[in-house]
Every structure is written in C-alpha cells, then in structure tokens.
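Student: For reference, the chains in residue letters:
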Amino acid sequence: MTSETTNEPIIICQDVHKWFDDFHALCGISMVVQPQEVIVIFGPSGSGKSTFIRTLNRLEEHQRGQIIVDGIELSHDVRNIERVRMETGMVFQQFNLFPHLSVLQNITLAPIWVRKWSRDKAEEVAMQLLERVGIPEQALKFPGQLSGGQQQRVAIARALAMQPKIMLFDEPTSALDPEMIKEVLDVMVELAQSGMTMLVVTHEMGFARAVADRMYFFDEGLIVESGTPDDIFHNPQEDRTKLFLSQILQH
Amino acid sequence: MTSQQATQEVLRPPQPPGLIKWIRDNLFNSWFNSLLTVIFLPIVFFAVVNIIIWAFTVADWRAVTQFPMLYAVGQYPRDEVWRVGIGLSAIVFLLGASWGNWGGLLQSISIAFGIAFAVFAILPVQHDQLDLNMRLYLGGNVILLLLGYLIGRMKAVKGGHIVIGWGIVPFLAVFLLTGRRGSELLPDVATTLWGGLLVTFLLSAGGILLSFPIGVALALGRRSTLPVVKAFSTIFIETIRGVPLITILFMFSIILALFLPAESRIDRLVRALMAVTFFSAAYSAENVRGGLQAVPLGQIEAAKAVGMNGLQTMVFIVLPQAIRAVLPAIVGQFIALFKDTTLVVIVGINDLLGIGRSIINSDPEFVQLQLEVYLFIAIVYWIFSYLMSLASRRLEAALGVSTKL
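Protein chains in written order, with the numbering used here: chain A, 1 to 251; chain B, 1 to 405.
Since the hints were made in silico from the structure, they are not lab data.
One or more hints might be untrue.
[What the hints assert, rightly or not] According to the in silico footprint, chain A covers these stretches of chain B (three or more CB under 8 Å from chain A):
#1 297–303
#2 307–315
#3 318–324
Ideal Cβ placement from N, Cα and C applies to all residues, glycine included.
Could you build the full structure based on these sequences and the hints that come with them?
Tutor: Structure, rendered in structure tokens:
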C-alpha cells in the first residue's frame, strides 16, 4: 500500500448481522465501497436490502459486525452517529418531505441548524440544488402541492444540501407513477456522473446498466452474488440470481 | 380559451336565483326535511319573536346596566382602576402592532375589538360610570389600536419585537395590578378584591399560556424511554384526569394552604390558577400525545438522516405536525378551560359569574332579575368562546395548505 492509500474505501462493512426480535434480517453482510463508486443493490422483498442500506446511517442498528463510514465506526456513540449522518444523504421510497415546511425550508433546515450556515448561504445553495434537479420555480410551494416525481427530486436536493460524501437511495422510484420515474432517474444519473458515491436499492435495471460500477444481489439476508452490471446481466453464476433477473426483466 | 373548448361548450341549465336555491337545497331537499321545516320554522320564528319582545319590553336589565365596573373588575379599588386600564391598553396596543405585522386572523380580532371600544365610547346613553373620562379612555384605545397597527407596519419593526412585547406584557400587567406594599404610586391591591371579567381573563389566559407548555412536556414525558419520567407523567395525567376540577380546586385552595407554613402561603388566586392550569395540562397532554402518534415514523427518520439531533427533530419536525393535527381538540380544551374557570366561585373567588351572583344576592329586588343577569353572563361567555372557535377555524384553514400530503 503505497500510492494506492489515497483511494481508501469510504464504506467498510464486515460481517454485519441484524435481528428483528427472532428474525435474522442480515446474516453477515460484508461490503467495501470506494469513493465515487455507484453500487446498485437489488433482490426480492424481505431480502434485507433496505435494512442493510439503513444500517449505514444507523436508522437501523446492527447487532454484530463492523460498519465504518468515512473513517467513523458506527456504534452506540451518538456523536459518531450524528457525524456519519452529516456525511450521508438519504432518499426514501416515500419521499418523507416535511409537509409543514415549504420546499425551500425543507432543504435549508438541516444546513442552517446542523451545519450552522447562515440563512442566506443555505438558501443560495438550496436554489442551486433546485436548479440542478430542475424545479427552481417550486421553491416556495409546499410538498403537498407537488407531483410525486417533483417531491422525490426535492428530497434529493434536501439530502444534497448537507453536501454529503455518500448518497443512500432506498427504492427511490418504487412509489412513483411510471411517467415520473424517468425524471427522478435522470437526476440520479447526473449525480452518479458527477462523481458522487452512491448506494442505490432499486429494481430499475436500466439505471443499473447505465451507471452502476457494481451490483449486489441480496436474498434472505445474504449477498448471493455481486459483480459488474455486465457480469450480472450476461453471466450470472447463481441460479437464484438468474431466476430473479428473469422475473423482473421479462416484461 | 382554445377553439376546441369553445365549440364543445355546452350551456349549463339555468339555475334558480341564490336565495330560492338555498332554501330548496337546505330546507326542502327531501320530504322529511320539508316536514321538519314546516313544523319547526314557525316554532323558531315565534320563539325568536318572543325573546326579542321580552328582552325589550318585559326584561329589566338594571342588575346588569347599573354595575359595569363590578362586572369588569369586581371590587378592585376604583381609585386604582387606571392600572387595569393601562394593562388593557398595553394589550390593545400590542394587538394593533400584531395586526400591522402579521395581518390575517389578527386583523379580524383587532377590528372586532376596535368596533367594540368605539361603540361603547359613543353609546348614546346617560350613565354615571360611562362619563367623559371613560369615553375618552375607550376612544383612546381605538386610537392606540390604530397607532399599534401603523407601528407594526413599519419596516424596522420585526415579528420578534412584537413577540418580546407579548412576553413582557403579562408580567407588567401582573405587577401593575398587584402593586407593592407601602408604595405611593402603586399601593398593593389584595387579590381578594379582584373580580369580574378581569379574573376570568387572568385565569383563562394564564391557564392557557401555562397549561399548554406543561401539557406538551407531559405528552413527551409519557412517551419517554426514561422510566421515571414516563411514570411521573403517566401518574400525573391519569390522576388529574380521574378527578373532577372542583376537587382539584378544593385541594389547591384548602389542602395546600393547610400543608404549607403560613409565611410561604401562596395567594389564593394563584392557587386557583395552578389548579386550572394542571387540570388543563393533563387534558392538553393527551391531545398532544394523540398528535405525536399521528406523525409518521418516516418524518423522524428523514430528520435523523439529515443529521438533526433529537431536540431539533422534536422542535422542528414532530411537534409542529403533531400540534397541527390536533389543533381543533386543543382549542376545544382552551374553550373548556375558559368556561371551567367559573368553578372558582366555589372557592370564593368572584369571577364574572361570581360577581353576577353577588349582585343578585346583594338586593332582594335583584333576586327577581336573576334571569337577566345569567343571560347577560351567558352571552359574554358565548361571545368569547365563539371568538376562540372562530380563531381556531381560521387558523386551521391557514395551516391547511401545508398539511396536505
């Protein structure tokens, strides 16, 4: 390790386990992510893919193993958790925008109170981000007045406003009408091409093919198979992967 | 309009004029409703006519009109009433400033108060308590309201300044009203002399302002993961909710006085305020708890995911949504509190109802007039309760846009 040390992994997961009461949701997940990598995680429902991505910013607590994000180990230490959350943005399936705040307030709230930026700076950055996701004219509206696709783009802008090093996407297009999926995916593709480290739980295989560096297939709390999109789509090794891909790609 | 729309436009069938349509839609829209209308319209009509005839011919309003000051401030020394007046004027001025700064609902309230003051100032009746000074004072309040409005409109005056004003005024008013022992300018006035609307308002406003934060704290405490906090909150809420307000009033005014040493005895008005506050806080806590449960878990996760800590999540995300969700119930609780303050009569405090009763009992002649007195008091309570519920509805409508999901 001489010149390669500059490329230190940004996420290291070692044998991560998670139980919900007696249910063993994650049965030993290990994964290493380099900066600027785009990872797509897919698999049947209940396979633990959402649970796994939520352990990375400790919305779920893991009970065994080790998770290190940006050099900070996630443990019961609340300050470490808050530091990790400042460096990771998350986009949810159900958007989870704050319905009582305007779009602009949704985006600026955390930068002002967590990053301690001035209101002017936060609003300037927020407007740039709204330009980037293509809806600057919606800044003063409330989330309930926007379409699903617009809401999800606001959610992406809200996460980006904290200037995170990593973006986590938990099925960002699953709750959207078909004609709105594209506008969200376009934003995500642009983000991936800009060099953001991204972990995306999704079944949008077109997106995976276009920008993923690696794909992980989850089933029953385990990583069944991983590889480049080429490997996964054209040369899957495991029967379960083949079966699942045939089910979601046959349409 | 595009040409396509124009060609496809179909004329709507002609509608009957507004009043006829309203009558048809609301009174005669089914045979059953038509029957009800036919039966009850005459009953309502004659009832209203008779009440009006009674109010203007038979009824004797002397027991109401002779003692406006008693109803307003009770036995508060007449030489010191100017202190109540200054307190009221300070509130009027701030109301005007709030109107100028925020508008909306405050505008309606301000205009209502302004009109009320103006009407009394120029009321064309002879009355020894509505002398020139009093009329000037009432008229002055209208001017003060408008002055406040103009100041509130000024660019230099921010909402924060007005909020600070509202924070100072209650303390200023209480200081003005109580005064200090031995002071020349502000001799102390025992609370036993306070009464009427003054006491009703003090207990209601104090109860609302104090019980709400306590209620929020109790609601949070009941959901706390700390066993001691949770147990305390639960026991407090369930105990208070399990006991009638009268009992709590007795407990605070008699038992508390027995247990505490004489020198640390709390003023009886404060004891009544504590009782009303704790009683209302327990109910507010349950309302707020209902609201807290209505906030989706995803909201808390989203707040955590952007790095907010527990306190920030609670203050910026959870509480605003929780309180919005149960605003009607909370205002209902405030209205109930306002009316429940009449129970302090039981522990010897002369609020508006108490003054009414003592006026009735003061003169055998007035015993015959108790219907008029109670009706007057009922109307006063109704006006303020209705104003509160009106304010609540306006507030809900104003917040409605943002609560849509």
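Student: So, for every hint listed, does it hold in this structure?
Tutor: Now for the hints, and whether the structure bears them out:
| no. | hint | in the structure |
| --- | --- | --- |
| 1 | 297–303 | holds (count 5) |
| 2 | 307–315 | holds (count 4) |
| 3 | 318–324 | holds (count 3) |
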